[in-house]
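Enquirer: If you read the sequence shown in this note's numbering, its first letter stands for residue 138, the second for the next number, and so on.
Label pairs and their computed distance ranges (CB to CB):
no. : residue 1 : residue 2 : range
1   : ARG220    : LEU467    : 45 to 53 Å
2   : ARG220    : ARG504    : 31 to 39 Å
3   : ARG286    : ALA204    : 51 to 59 Å
4   : GLY222    : GLY199    : 18 to 26 Å
5   : GLY383    : ARG416    : 41 to 49 Å
6   : ARG245    : ARG145    : 24 to 32 Å
7   : LEU149    : GLY199    : 13 to 21 Å
8   : ARG145    : GLU474    : 15 to 23 Å
Bear in mind the hints are in silico, worked out from the structure with no lab data behind them. The beta carbon of each residue, even a glycine, is placed where N, CA and C say it ideally should be.
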Amino acid sequence: MDLSAITREAVLEAIGECDRLGRGRFLEEYGFDPARRYSLHYNGVFYDSKAVVGVAYRSVAGRPLSAREFSGGRQTVGRLLTRLGFEVIHDEPLPPLQRLIAQLQALRVDSTADGPARHQPITLLWALGRAAHRKPRLVPWNAAHSELRGLLREYGQPRSRPRPEFPIIALAHTELWEMHGHTGDIPAAHGEPLGWMEEHDPHSGLSPWVYELTVSSEEARGEAVAEIGRRFFGGTVPRALLHEVGLRPVRANRLTRQDVGDREVYQRLCRSVEDAESRGDHDRTSRTTSERPVRSASAVEAVLLRSLGRCENPVCAGQPDDVTDRGKPLLEVDHIEDRASWGRDHPSQMIALCPNCHAIKTRGRTRDQLRELLLAEARSRHTAWESPARS
Numbered sequence: 138m139d140l141s142a143i144t145r146e147a148v149l150e151a152i153g154e155c156d157r158l159g160r161g162r163f164l165e166e167y168g169f170d171p172a173r174r175y176s177l178h179y180n181g182v183f184y185d186s187k188a189v190v191g192v193a194y195r196s197v198a199g200r201p202l203s204a205r206e207f208s209g210g211r212q213t214v215g216r217l218l219t220r221l222g223f224e225v226i227h228d229e230p231l232p233p234l235q236r237l238i239a240q241l242q243a244l245r246v247d248s249t250a251d252g253p254a255r256h257q258p259i260t261l262l263w264a265l266g267r268a269a270h271r272k273p274r275l276v277p278w279n280a281a282h283s284e285l286r287g288l289l290r291e292y293g294q295p296r297s298r299p300r301p302e303f304p305i306i307a308l309a310h311t312e313l314w315e316m317h318g319h320t321g322d323i324p325a326a327h328g329e330p331l332g333w334m335e336e337h338d339p340h341s342g343l344s345p346w347v348y349e350l351t352v353s354s355e356e357a358r359g360e361a362v363a364e365i366g367r368r369f370f371g372g373t374v375p376r377a378l379l380h381e382v383g384l385r386p387v388r389a390n391r392l393t394r395q396d397v398g399d400r401e402v403y404q405r406l407c408r409s410v411e412d413a414e415s416r417g418d419h420d421r422t423s424r425t426t427s428e429r430p431v432r433s434a435s436a437v438e439a440v441l442l443r444s445l446g447r448c449e450n451p452v453c454a455g456q457p458d459d460v461t462d463r464g465k466p467l468l469e470v471d472h473i474e475d476r477a478s479w480g481r482d483h484p485s486q487m488i489a490l491c492p493n494c495h496a497i498k499t500r501g502r503t504r505d506q507l508r509e510l511l512l513a514e515a516r517s518r519h520t521a522w523e524s525p526a527r528s
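Make the full structure from the sequences, and use the hints.
Expert: Rendered as structure tokens:
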């Protein structure tokens, strides 16, 4: 079977359909088994590579391929997806915590006359501290520069220059970090990237899956801090630095009861939503003056639980500290693809927003760009909460 005519756009369309239907319904609809060896990694989410390619083939022949019509191995599906610019992961993708530690272990340790360079780990600790306090995930360059410069001067190696543009640019080329709001390619970390950063003033920070994992799991924060201490600080991160970035020492391999309980409740609510989908409940309508798709109370509850009371827009400009008369956070759960247009009623495509961000998403001038960002955010947060707490 010749797959070479499949385009990147066709693959993205199949990915979008998988997002709308959910992985289980997508595989069932087209008769594919879950991927056992090769996964497509896109926007922080893993997809079943053979199923996506089989559905993408519809753009060539007007019909999808069945699983028995082609091979899903490295020489066929893997080669095609790589040629189209996608990342293909061999074997089962690592669980989130193992993936985080593997990424930290893969960071390059640059040597200085005083020992290992510390600018990247300090930048990561600063971002982990922001996550621990549910601060916005993405920070504009001017604000990041202001906050990081003092930390790098105080805790970097004595003869290292405190220039935050270098660790941010370097991290942006890893799976741990993300950058938005710029045009063109991100420059290399070597050279003089300061002019590019000042011209574009990009927003950057932890990737959604890293942010959500560290927010929702005290164990993940502890393991990440411990790994950073081992690789860059000769054993442990200085307590003064942890205090300054808003992290407290965490004993590794310890999960709080709340970590486990919230995840279990979230997963149970998601199973309830998916059971209702399989029964066709979400295809029903309610009738007032017009017909409207029904909405799942379980899905709303799951998203509010996942948000931990904070706006999930990663570039939220301001979080209201006030609460309702009943003590609930001022958040509005919204479908990224409007439910009235039959957007999927599932936490993976729903987001908790403060009133201002909800207004921007609904009628703001930048709503199209924001919706794309929110969809990736919701998917990544959902993936992190769906993963076993000790993965």
